[in-house]
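Protein chains: 2
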Amino acid sequence: MSRWQPNAQGRLAQAALELYSEQGFDVASAASIAARAGLTERTFFRHFADKREVLFGGADELRDFLAHKVAEAPASADALDAVVGAITAAGVLFRQDRDYYRQRQHVIYANAALKERELAKFATLSATLASRLRCRGTADPGATLAAEAGITVFRVAFERWTGDTGRGDFAEFIQSTLDELRSVICRSAC
Amino acid sequence: MSRWQPNAQGRLAQAALELYSEQGFDVASAASIAARAGLTERTFFRHFADKREVLFGGADELRDFLAHKVAEAPASADALDAVVGAITAAGVLFRQDRDYYRQRQHVIYANAALKERELAKFATLSATLASRLRCRGTADPGATLAAEAGITVFRVAFERWTGDTGRGDFAEFIQSTLDELRSVICRSAC
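Listed in order, the protein sequences are those of chains C and E.
Adding 15 to a residue's 1-based position in the first sequence gives its number in the working numbering.
Adding 15 to a residue's 1-based position in the second sequence gives its number in the working numbering.
Careful: at least some of the hints might be erroneous.
One copy or two, it doesn't matter: identical chains are merged, so the pair holds either way.
Said to hold, decoys possible - Under the rule of at most 27 Å between Cα atoms (straight-line distance), these lysine-lysine pairs were calculated in the DSS-like manner:
1) K66 to K136
2) K84 to K136
3) K66 to K130
Keep in mind that the hints were calculated from the coordinates and are not lab data.
For clarity, every value in this text was computed on a predicted model and none was experimentally measured.
Chain C extracted, bound-state conformation (with noise of 0.2 Å):
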């Protein structure tokens, strides 16, 4: 087996996500994963460095991504604009097709303690967004609020993204959420 494997990754992430879900999170070893994609152990040590890393290894990512897109958004942008314009774009990181990402899903839902990382994990990055809302100017509370909403209807428009059947990309469901957002929050008071 040559060292070089074309597509690796994505092959082990596809592996592991199916013995997780056939066999559970705490069963799935690393050599049965890296058996199911044909390759080595070894190799998907090289990957990942452990199981857990195969469903939140994006999380730093996502939030480098994040916290880039509200620092560069435009100053006439307000806090809430500068967080969808960057939860919106973040749909470019999503290389894996919507099944692959409903199947992480299910098998989050399914162990207590990765239901917990994605908890802290989202936690993480709604502090990161605050953080870089606060830097070009929004003041407490209102840079909080503004991240939590931003991170809730990415979590919303996530879930129904990949539990949606039809052909709507991910920018669709974030303003379609952020709508439902604002008629569930903002009163017609005029």
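Position chain E relative to chain C; hints supplied.
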């Protein structure tokens, strides 16, 4: 020492928070907490299953309270009204003073496992609210968004209330935080 101790639970909770702050949550022992409160370790375990329950013992009560309040909201109340009514009323559950809750926040923020537990608590509260909203006729994603927005307002208002040196009551912090959320989310399109 008589079996009955006036406000033993409150004294134990106060002593526990002091020791968690001074020594760290992982170091402080049930025996040292009981000694600080002038009570026995056995009395500690009559009131709390473990050290963590001192910090999170009220979580189930809060969940049931919020669920009940949403369920009994008048039919005329929309989803957000029902949630805001519930989180506003929840102020009656804060039986200690603000210093106590401020100290509790510091203890939790200083410990990764406690922070995860706190996030899980809020996720459960949000899921409970969303479920009750669906029962009274709000479809998703509206139910989830109203619940998430409500829990965000609750958390931010609680943080501001514990940090406030003035005399505003919890209900006022809920209202002003909700106003801030509206000013972040809602466009004055008219």
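Structure-based check of each hint:
1. K66 to K136: Cα proximity of K66 and K136: in one copy and across copies (16 Å, 26 Å).
2. K84 to K136: within (18 Å within a copy, 31 Å between copies)
3. K66 to K130: both (15 Å within a copy, 23 Å between copies)
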